Amino acid sequence: MRAVSNHNKKSIARTSLIRTLLFVAAILLVGAQFDAYNQGQLAVVLILFIGVLSVTLLTGISGQLSLGQGALMAVGGYSTALLMINYKLSLWVAVPLSVISSAIAGLLLGIAAARLRGPYLAGTTLVIALAIPTIANRFMSVFKGDEGLPVDVGYPPQWFSNLFGEPGYEQWQLYVALPFAAIALFFASNILKSRTGRMWRSIRDNETATSLSGVNFSRQKIYVFVISSSFAGLSGALYGLRGLVGPSVYPVSLSLLLLTAAVLGGIRSITGAFIGTVIVVFLPDWIDLVLVNFELSEQVSNYLPALISSLLLILTVVINPAGVAGTRLHKHK
Amino acid sequence: MNTFLAALSSGTSRGAIFALVALGLVIVWRGAGIVNFAQMGQAMFSTYIASTLITNGNSYWIAFFVALISGAVLGALLDILVMRPLSNKKQSELLSSESMRAAVPVIASLGILGVLQALAGIIWAAEERGFPAPAKQEGFTVAGNVLPFTSFDLFVVSIVTVTLIITTLFFTKTGIGLAMRATALNQEVAKLSGIRTNRTRTISWAISGAASSLAGLLITPTSNLSPNSLDLVLIVGFTAAVVGGLDSPAGAVLGGFILGMVISFVTFYSTPEDVFLAILAVLLIVLIIRPRGILGSKDARRV
Amino acid sequence: MKNRASLSRSPRKSIAVISAALVGALALSAMPAQGASTPGVSDTEIVLGMQLPQTGLASPGYNKVDDAMRAYFDYVNSKGGVNGRKITLVAYDDEYKAGKTVTTASRLINKDKVFAMVGSVGTQTHISVIKDINRRGIPDLFVLSGYSGFYTDPKKYPTTFGSLGTYVTEAKILGKYIKENMATKNVGILYQTDDFGRNTVEGLGIAGLTFTAKKNAASFVAGTQGSGLDAQMQQLKDNNVEVVIVGAVASAFASAVASSNKIGYKPQYVVISVGSDATTFQTILGARGIPAASSAGLLAGTISASHAPSPGEADDEFVKAFKKINDEFNKGPATGKAWDNNVLQGMNIGYMMTAALMGAGKNLTRPGIINYIKNNPSKLSSAALAPLGYSATTHEAYTGFWIGKYDATAVLKPIDGTRKMWTTDSAKGPVTELKYTRPAIAADALPKVG
Numbered sequence: 001m002r003a004v005s006n007h008n009k010k011s012i013a014r015t016s017l018i019r020t021l022l023f024v025a026a027i028l029l030v031g032a033q034f035d036a037y038n039q040g041q042l043a044v045v046l047i048l049f050i051g052v053l054s055v056t057l058l059t060g061i062s063g064q065l066s067l068g069q070g071a072l073m074a075v076g077g078y079s080t081a082l083l084m085i086n087y088k089l090s091l092w093v094a095v096p097l098s099v100i101s102s103a104i105a106g107l108l109l110g111i112a113a114a115r116l117r118g119p120y121l122a123g124t125t126l127v128i129a130l131a132i133p134t135i136a137n138r139f140m141s142v143f144k145g146d147e148g149l150p151v152d153v154g155y156p157p158q159w160f161s162n163l164f165g166e167p168g169y170e171q172w173q174l175y176v177a178l179p180f181a182a183i184a185l186f187f188a189s190n191i192l193k194s195r196t197g198r199m200w201r202s203i204r205d206n207e208t209a210t211s212l213s214g215v216n217f218s219r220q221k222i223y224v225f226v227i228s229s230s231f232a233g234l235s236g237a238l239y240g241l242r243g244l245v246g247p248s249v250y251p252v253s254l255s256l257l258l259l260t261a262a263v264l265g266g267i268r269s270i271t272g273a274f275i276g277t278v279i280v281v282f283l284p285d286w287i288d289l290v291l292v293n294f295e296l297s298e299q300v301s302n303y304l305p306a307l308i309s310s311l312l313l314i315l316t317v318v319i320n321p322a323g324v325a326g327t328r329l330h331k332h333k
Numbered sequence: 001m002n003t004f005l006a007a008l009s010s011g012t013s014r015g016a017i018f019a020l021v022a023l024g025l026v027i028v029w030r031g032a033g034i035v036n037f038a039q040m041g042q043a044m045f046s047t048y049i050a051s052t053l054i055t056n057g058n059s060y061w062i063a064f065f066v067a068l069i070s071g072a073v074l075g076a077l078l079d080i081l082v083m084r085p086l087s088n089k090k091q092s093e094l095l096s097s098e099s100m101r102a103a104v105p106v107i108a109s110l111g112i113l114g115v116l117q118a119l120a121g122i123i124w125a126a127e128e129r130g131f132p133a134p135a136k137q138e139g140f141t142v143a144g145n146v147l148p149f150t151s152f153d154l155f156v157v158s159i160v161t162v163t164l165i166i167t168t169l170f171f172t173k174t175g176i177g178l179a180m181r182a183t184a185l186n187q188e189v190a191k192l193s194g195i196r197t198n199r200t201r202t203i204s205w206a207i208s209g210a211a212s213s214l215a216g217l218l219i220t221p222t223s224n225l226s227p228n229s230l231d232l233v234l235i236v237g238f239t240a241a242v243v244g245g246l247d248s249p250a251g252a253v254l255g256g257f258i259l260g261m262v263i264s265f266v267t268f269y270s271t272p273e274d275v276f277l278a279i280l281a282v283l284l285i286v287l288i289i290r291p292r293g294i295l296g297s298k299d300a301r302r303v
Numbered sequence: 001m002k003n004r005a006s007l008s009r010s011p012r013k014s015i016a017v018i019s020a021a022l023v024g025a026l027a028l029s030a031m032p033a034q035g036a037s038t039p040g041v042s043d044t045e046i047v048l049g050m051q052l053p054q055t056g057l058a059s060p061g062y063n064k065v066d067d068a069m070r071a072y073f074d075y076v077n078s079k080g081g082v083n084g085r086k087i088t089l090v091a092y093d094d095e096y097k098a099g100k101t102v103t104t105a106s107r108l109i110n111k112d113k114v115f116a117m118v119g120s121v122g123t124q125t126h127i128s129v130i131k132d133i134n135r136r137g138i139p140d141l142f143v144l145s146g147y148s149g150f151y152t153d154p155k156k157y158p159t160t161f162g163s164l165g166t167y168v169t170e171a172k173i174l175g176k177y178i179k180e181n182m183a184t185k186n187v188g189i190l191y192q193t194d195d196f197g198r199n200t201v202e203g204l205g206i207a208g209l210t211f212t213a214k215k216n217a218a219s220f221v222a223g224t225q226g227s228g229l230d231a232q233m234q235q236l237k238d239n240n241v242e243v244v245i246v247g248a249v250a251s252a253f254a255s256a257v258a259s260s261n262k263i264g265y266k267p268q269y270v271v272i273s274v275g276s277d278a279t280t281f282q283t284i285l286g287a288r289g290i291p292a293a294s295s296a297g298l299l300a301g302t303i304s305a306s307h308a309p310s311p312g313e314a315d316d317e318f319v320k321a322f323k324k325i326n327d328e329f330n331k332g333p334a335t336g337k338a339w340d341n342n343v344l345q346g347m348n349i350g351y352m353m354t355a356a357l358m359g360a361g362k363n364l365t366r367p368g369i370i371n372y373i374k375n376n377p378s379k380l381s382s383a384a385l386a387p388l389g390y391s392a393t394t395h396e397a398y399t400g401f402w403i404g405k406y407d408a409t410a411v412l413k414p415i416d417g418t419r420k421m422w423t424t425d426s427a428k429g430p431v432t433e434l435k436y437t438r439p440a441i442a443a444d445a446l447p448k449v450g
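Residue numbers (this note's numbering), protein chains in the order written: chain A, 1 to 333; chain B, 1 to 303; chain C, 1 to 450.
Since the hints were derived computationally from the structure, they do not count as laboratory data.
As the structure is a computational prediction, the values presented were derived from the model and not from experiment.
It is possible that part of the hints are untrue.
[Claimed, not checked] Restricting the straight-line Cα-Cα distance to at most 35 Å, the calculated cross-link-like pairs of lysine-lysine (DSBU-like) are: (1) C:K185 with B:K136; (2) B:K136 with C:K435; (3) A:K88 with C:K428; (4) B:K136 with C:K337; (5) B:K136 with C:K266; (6) A:K88 with C:K111; (7) A:K193 with B:K136; (8) A:K88 with C:K155; (9) C:K266 with A:K88; (10) C:K323 with C:K113; (11) C:K374 with A:K88; (12) B:K136 with C:K413; (13) A:K88 with C:K131; (14) C:K405 with C:K362; (15) C:K215 with B:K136; (16) C:K214 with B:K136.
[To be verified] Label-pair ranges, simulated between beta-carbon atoms: (17) B:N56 with C:E433: 46 to 52 Å; (18) B:S151 with C:K266: 18 to 24 Å; (19) C:K214 with B:S151: 28 to 34 Å; (20) A:F160 with C:N371: 32 to 38 Å; (21) C:T184 with A:K88: 49 to 55 Å; (22) B:I289 with C:K266: 41 to 47 Å; (23) C:A292 with B:L5: 31 to 37 Å; (24) A:T196 with B:I289: 28 to 34 Å.
Glycine residues also receive a C-beta, built at the ideal position from the N, C-alpha and C atoms.
Isolated chain A (complex conformation) (with noise of 0.2 Å):
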């Protein structure tokens, strides 16, 4: 038994690796392609895909739903513009160490959250995202208050310069993103194939016989939380790095963003959750290219994303749940 498990386990990870080189081939090529512009864009869908990562493992996956994602954002955020100002770390120390900061506020989150189900989690989740960036204005000697905390991915080192050729400012926001979105990518990949993932569905589907199979529930719910929490702390930490960690970075509607996303791909699958947040992300830049044929007012025009997400987010939960990725919902069941 044992050794099949192994081989088991051996053949996960494979797979997951071969899916993530392909994926970051992919991107590299897209990448390529795009002017500065979309390669900054491309970059936020590297960032936010992390995050919207965090909801297909936490909502999708084990069934609990947040709308405080940003706040845990916020924490990684935050993290790594304390660490790199204050300590002077590189980027590539501070991120990864913020990681483990917003896994702390994932086990803290977890805890209080182990006993809340449905809309009292959801609310909840809510309530914590208005109140987490408040505290950057009650202690202003840290956080700076409104004015928040500047940083940015600045330079690539000089053998990259020397190797590739100096890449454009948004081109290195790019190739910053991806080494980080890979492993993101690499790990829910392998999480959701393995036993873990198993059981964390079977948490979702029915709570009741989880727990008399002798599976440690609350144990198990802040696990997932933990998870999801370092990887919306991952997402802050390089959302942030495209120039300011403060309040007005991590509102609730990114928390809000995060999910429509993860819905709108498909909230159980790692496919969906990129295809969700590619709509997202480039939604406006296709408003505008269809606007173009159209005199709208700015009045008009300003309100037409948010006002075409919303009702894509309405239209797939009532027609077609499973979002884009819905057909590959079955091979993953």
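Following the hints, complete the assembly by docking chains B and C onto the known chain A.
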């Protein structure tokens, strides 16, 4: 002493409005098993309708009743167009689990909120507006001292009290009200005993829509009106409902006043920055000590 | 488990192949360097970029600025543009969310290929992009923020120039006035807890006015004024504060007055210019059922400061000319073009930008226009009643303010009958009187830089 009175008075009138918001949430929760995060979006929308009517020269009271009616109609429409199809989809794979059945309507209500806010922005522009009060917003004078309690505050408290009495009577004395309670307790059993559950659900959405529109009309005179202006009210109202017990109308009222007082006293005696943290603290304390809320029933349907 | 076999048949080999492909892809994706011609400038057009909140909680008032700027540029274009080039303004909504500002900035720079950024609104949002904009050498002109951190170190941000006086400067000038004229009064403050409010407190502190929280200082979180400022005003009333300095935006000032009115509290208000826009004030109170005459009454007597004429000064030649252009060329929604301080500001930035483009000459380059602005602030006169303060040590716009009092018709009038300008710096320097004669506006309302 003055500060204390002012905090008490502000807590009372705010609390009355939060109670109304919480009541709206409780009604839909009982009637349809859904926490409606779009509720204050609906209220914002009908308050804009009232504001437009007033700007065009209609009287406050015409606008007031049109807003209540449009709030009810909007609530019913949302149920028929979005929530009913959703609940009929329960057989689908994604909704097969208990937890997802609770999560998906929440997601749908967030979508509705987004649509309403964007539409309000398109129709009425993102301009901040004020909204009139039907009574004077100047404090009563007692023995030469101006009290921080106005005729409008009195109006708010009385109209909320009346609303609460009507709702309680409705739920306990009328056929529809009793049917709604039965549906809330067990939809299948209610169906078998001949209750038209679809209809009772829609009615609860309509009543909730009217109640939250009333809250919108009562809160905007002391704040300003914009597509996002009621977001915070919903979050406070939700906290109030959970504190009081999500399935208990009396609990919603109690929770509303508790939240009103907490917010008021924190603002008066600490700093306003602490308000959100205080709301979070109250919520967490209640959920840890008494997860079903102060007046929530033991077998509350906690999905 | 069977279904996974297909992908993992020869895993080592595929991993090696893909890894090799990756290195190749990375090498391929390196982009060649950009050409040297000036972006955003052709023989017939100059493209300018701007970011501001057009939707969301922070947008009211500010969302009018871009329409006003565009109206002025359209007017210039109708007169043949600048050196034969028409001015196009591309403005994007960043919802006052810094995460979005980064995206819109990248879009303006890379997609719209703007020549310069002009009149961008906001502090937090601008902090998120100012470093990148400067690093790329893009002119970041006439920023609509009084945050001194943007301007007082030109070595750090050489391409950024402001279009407001700093909050600190204005607070110092108002502080000195209060110190000298209301010495016997109990002075308190209401401020929003962001850079604007805190810079105000800082400037007043330099002027010798200090405050104690819970006593004569009341604060609120910016953006929450919508839920009323009852607690704050009650606190000030209970502490017998007679003069309330307001370091907050106009909608908050309106909320404060409504809350005070409720408890019969009638202090003397001294409002930082950002918060004393009469139109916003009257619109909000008006919609609450307070008619214009009464709200003007509530505003009357309020002391404020300004670097420009009040939009209500109908006989000011700049106000007259700008108002006419606004009526004719502003394509914004009806509420967006209503004449007020925001529209005046937008027009004024349009006017200064046009002057800068004229001054930089036919051969328009980014370093060229920056040098021109840096070296010729005196040629960039506008409606402002103070000269631009740009120098080698600071890029603050106006270091001069006049102090006024609102009259019964909601127009800010010089406080002692005659207009006196005061000037100071954003540091500890003294407040002194400023002598400045504003150059007249030409008959065609176009700037003359010759």
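The hints, checked one at a time:
Distance restraint check for K185 (chain C) and K136 (chain B): the Cα-Cα separation of roughly 31 Å lies within the 35 Å cut-off, and the hinted pair is therefore satisfied. Straight-line distance between C-alpha atoms of K136 (chain B) and K435 (chain C) comes to about 48 Å, which puts the hinted pair past the 35 Å bound. For the hint linking K88 (chain A) to K428 (chain C), the alpha-carbon distance of about 31 Å falls within 35 Å, and the restraint holds. Distance hint between K136 (chain B) and K337 (chain C) is fulfilled; the C-alpha atoms sit about 32 Å from each other, no more than 35 Å.
Our distance criterion of 35 Å between C-alpha atoms is met by K136 (chain B) and K266 (chain C), whose separation comes to about 17 Å. For the proposed pair K88 (chain A) and K111 (chain C), the alpha carbon gap of about 34 Å is at most 35 Å, so the pair holds. Between K193 (chain A) and K136 (chain B), the direct Cα distance comes to roughly 65 Å. Violation of the 35 Å bound is thereby established for this hinted pair. A threshold of 35 Å between alpha carbons decides the hint, and for K88 (chain A) with K155 (chain C) the separation of about 22 Å falls inside it, so the pair holds.
A distance of roughly 52 Å separates the Cα atoms of K266 (chain C) and K88 (chain A); the hinted pair therefore is violated under the 35 Å criterion. Simply put, K323 (chain C) and K113 (chain C) have alpha-carbon atoms about 31 Å apart, close enough for the 35 Å limit, and the pair holds. The hinted pair formed by K374 (chain C) and K88 (chain A) meets the criterion: a straight-line CA distance of about 34 Å does not exceed 35 Å. At roughly 31 Å between alpha-carbon atoms, K136 (chain B) and K413 (chain C) fall within 35 Å of each other, so this suggested pair holds.
Taken as a hint, the K88 (chain A) and K131 (chain C) pair is honoured in the structure, with Cα atoms around 18 Å apart against an allowance of 35 Å. A C-alpha spacing of about 44 Å is found between K405 (chain C) and K362 (chain C), which places the hinted pair above 35 Å, so the restraint is violated. Among the hinted pairs, K215 (chain C) with K136 (chain B) is consistent with the structure: their alpha-carbon atoms are about 29 Å apart, no more than 35 Å. Restraint check for K214 (chain C) and K136 (chain B): satisfied, since their Cα atoms lie roughly 29 Å apart, inside the 35 Å limit.
With their beta carbons about 51 Å apart, N56 (chain B) and E433 (chain C) fall inside the hinted range of 46 to 52 Å. A hinted range of 18 to 24 Å holds for the C-beta pair S151 (chain B) and K266 (chain C), which are about 19 Å apart. Evaluation of the 28 to 34 Å hint for K214 (chain C) and S151 (chain B) yields a pass: the beta carbon distance comes to about 30 Å. Between F160 (chain A) and N371 (chain C) the beta carbons are some 34 Å apart, a value that agrees with the proposed interval 32 to 38 Å.
Separated by about 52 Å at the C-beta atoms, T184 (chain C) and K88 (chain A) satisfy the suggested range of 49 to 55 Å. Taken as a hint, the range 41 to 47 Å holds for the pair I289 (chain B) and K266 (chain C), whose Cβ atoms sit roughly 46 Å apart. A292 (chain C) and L5 (chain B) have their C-beta atoms about 33 Å apart, which keeps the hinted 31 to 37 Å range intact. Checked against the given bound of 28 to 34 Å, the beta carbons of T196 (chain A) and I289 (chain B), roughly 32 Å apart, stay inside it.
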